[in-house]
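Colleague: These are the residues of each chain, in order.
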Amino acid sequence: MIAFVIRRLGQSIAVMLAVGFIAFSLFSYVGDPISSMVGQDTPIADRAKLRHDLGLDDPFFVQFGRFLLRAAHGEFGISYQYGRPVQRLLAERLPATLELSFTAALLALLIGLPMGVYTGLRPESWLSRLFMTLSLIGVSLPTFLTGILLIWIFAVMLGWLPSFGRGDVVQIGGWTTGFLTLSGLKALILPSITLALFQMTLIMRLVRSEMLEVLRTDYIKFARARGLPNRLIYFGHALKNTLVPVITITGLQLGSIIAFSIITETVFQWPGMGFLIVQAIGFADVPVMACYLVLVAFFFVVINLIVDLLYYAVDPRLRLDRAGAAHGH
Amino acid sequence: MVTESADLPVEAAPPRAVGAFRRALDSDLFYSFRRSPLTVVAALVVLILGGSALLCSWVAPHNPFDLASLNILDSFDPPAWVDGGNWTYPLGTDDQGRDVLSAVLYGMRVSILVGFSAVGLALASGVSLGLLAGFAGGWVDTLIMRICDVLLSFPAILIAILIDGVARSVLPHDRQDEIAFSVVVLAVTVLPAVQFARTVRGSTLVERNKEYVQAARVIGVHPVTIAFRHILPNVIGPVLVIATISLAVAIINEATLSFLGLGLPLTQPSLGTLIRVGQNFLFSGEWWMILFPSLALAGLALAVNLLGDWLRDALNPKLR
Amino acid sequence: MPLLEIEHLQVEFPTRRGVLRAVDDLSFSIEAGEVLGVVGESGAGKSLTGAAIIGLLEPPGRVAGGTILFNGRRIDNLPPEELRRIRGREIGAIFQDPLTSLNPLYTVGRQLIETVSVHLGLDARAARERALALLREVGIPGAEQRIDHYPHQFSGGMRQRVVIALALAANPRLVIADEPTTALDVSIQAQIIALLKRLCRDHGTAVMLVTHDMGVIAETADRVAVMYAGRVAEIGSVRDVVKSPRHPYTVGLMGAIPTIGGARDRLAQIDGAMPRVGAAPRGCAFNPRCGRVFERCRHERPELMPAGATQAACWLYDQAAAPRKEAAHG
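Chains as they are written, first to last, in this note's numbering: chain A, 72 to 400; chain B, 1056 to 1375; chain C, 2 to 331.
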């Protein structure tokens, strides 16, 4: 088990280094940072001096090392677009994205899991067929289309909910929250539904197919042959066996909510990190892009690690200690 | 459960092609196709949309990109059946006076082309990589699989966005519109390629130990020939199912990129670009500019997804 | 009154190419406490019969005709809840693969305790005591520790013992054992069979032992039914069927079994193969392969009729027709 953890940690570090390398290389390629920082009339000698002062003359690996060091401290330089430290910008936007993602994840789980279990247990009922059809639509439609559709129905035609922005927010320490105001909550509804929809349908279909698979196994057949009541078979055996693989995949899926929030934030002009990165790419704001890249890679690496460990904890077959292996007849 | 596989009674040999066609019509696959009206509808939709898109130069009433034919006075015309519309522009016009119907057709063609190119490229690269990894084994396999694992742990859209973003920063600004197509295709290709590589590698590992491969090796057939002539036909099955679904995903990812402004530009718009532009006019009441591209995109994605779903269920031996 | 009585059972599978009949007019009975072996090739319908008895046929398979009587009571047309109560409590079942028969995520003890609780209504402590007793009875050493182990921590033979314990947990009157040793090593097979035989004798449980292995039958069963193409070809006591088989198929089967002391000739083989489900020929299903076939065999299907010491479904033994004098097989 320890060997496993160490190996995964090593992998994670390798990935982070690779990502850091890519992020750093961005800087080398996107034209001359000096030009973005000084005016057009600055004489060449001054530029050269500036370059030297900033350490841009140093060999590649020295600069890379410096970049890594600074990155470890959370410093990524100054945004080209806003002229402010990147980490400050991201920290401001973080609460918006996190609140949205959290709400969406909760929605996806609360609706997706039960729906999946139901359609797995009663695949032929009309309700199940309805869910499956809706879920197919949910999976097929791109997120931005569902967002636009929701905006059209609830904001343009009915006028019940706002179509952009976050509403009024309350500042608590370094965090801004929209949970505490009515307008904040109203503004949260459409974006979180949009964000949750894809995940919700994915979870539902996953749980359903796992459930159907489990219900065909020999041990379920044997449980039935032993006369166990349906309640025990479905919720004792089948459910547990279904959830084990589902938990891990779901964890990964929910992590990807952060990625999909880019789209939702753009549709609703939600002031989060996703919206920031889209604008940054359009502007070629490299420091922001680099920071986002590293941050997101870190996030996913951590999620994957946790999910792998979770798998280990949940499936007793993987926990097999060599000594406990079967012996004797 | 008993599944029978009674063959057709042997007839006096019909010509091979006809025999094959008849076998196909009578096969379990086509039977399940016929039985599911939804799938038939989906196939029709794909044919109609796809066909009209690819033939758009002939089918579309106007060419929305011929600047000379545009009349700014015609802009913001609503669809024909609404007050103020006329049948020259059946689905209305946009802010530049372009016919929405034609724009949608051309845009659909771009979307489909990107989708097919991406999946085609992904197939070529992914299958080859998978065969290589599975067949060669050793450190080659480990290296390729590690990279695939890492890439697969990120969502496709994120990778597409990042590749696109990086490409944009790296390439000179003034050439960006021209190469946008290639950049977008590349961005959307990476993840399906990795998926294909994974699947093929798994199947190759299984096939590699089978006797026909060992026999070929003993005879001295070159490994590359073994890989492509012998192993490939046996592992391609599941890949094709994934490929169909990947097509829908590729189309959607490209649309998303274009919607975010990171994909195809206005000079060569895809459905996503049209939707992005249309969103600006949603509140001012020109709803047709966003509705029709959205319908086209949704219809296309849904239909391809349905077909992929049906294909997967029909080919899944466990569900029979 | 026999414990289990099956009369004219028919099991069908509707497919798009027509209805396939996998079990076609099957009849036999099992007395209390006896071991009936059901032997036949793959596809003869043995496992389906077992599944039909406890009502676990997988859809679209269904019982299309005939009756199944248990203790004089019809069980083939019971509502699902009634049937569930019979399963485990009155009729137990053991399947072929012990690894997949046990839920890998639950301890052996948990699976035992839940079965015992459901049927015997014991409280937690009593249930655990009974589970331990069961484990000891099937010969699991160190039951106190092993009860909390997971299935993958047992070897194949041990797992099958656990499966037997589970099947016998509520002391059923009849156990349907479907190829219980096929997935095990040969050396373990003998142990498991002996265990099964001993337990059933001790508890007075009847056994329907389904297998394709004639050796196991000879070892264990009191009577044996030979199935062919969904029906019984011959049925009788083990001794009689093995020593003096009547039905040409059974004769062929016995001839195909190598014996250590016998002459060192080539093994006799029956040409051809058993017809696929739904493709049985007219008349007697065995007629294309039978060495003693005559015209009637190709048109009329024989029912079971007395043939020497056993009963065989073969026109050779029809007393009513002009008897063809054939010397009994020696």
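Note that these hints are calculated values from the structure, not bench results. Worth double-checking, as some hints may not be accurate.
[As the list claims (entries may be wrong)] Once the Cα atoms are required to be at most 16 Å apart in a straight line, the calculated EDC-like pairs of lysine to aspartate or glutamate come out as:
id: 1; chain 1: A; residue 1: K292; chain 2: C; residue 2: D223
id: 2; chain 1: A; residue 1: K292; chain 2: C; residue 2: D98
id: 3; chain 1: A; residue 1: K257; chain 2: A; residue 2: E284
id: 4; chain 1: C; residue 1: K198; chain 2: C; residue 2: E138
id: 5; chain 1: C; residue 1: K244; chain 2: C; residue 2: D223
Colleague: Decide, hint by hint, whether the structure agrees.
Modeller: Consistency of the hints with the structure:
no. : hint            : verdict
1   : K292/A x D223/C : 28 Å, violated
2   : K292/A x D98/C  : 12 Å, holds
3   : K257/A x E284/A : 40 Å, violated
4   : K198/C x E138/C : 13 Å, holds
5   : K244/C x D223/C : 14 Å, holds
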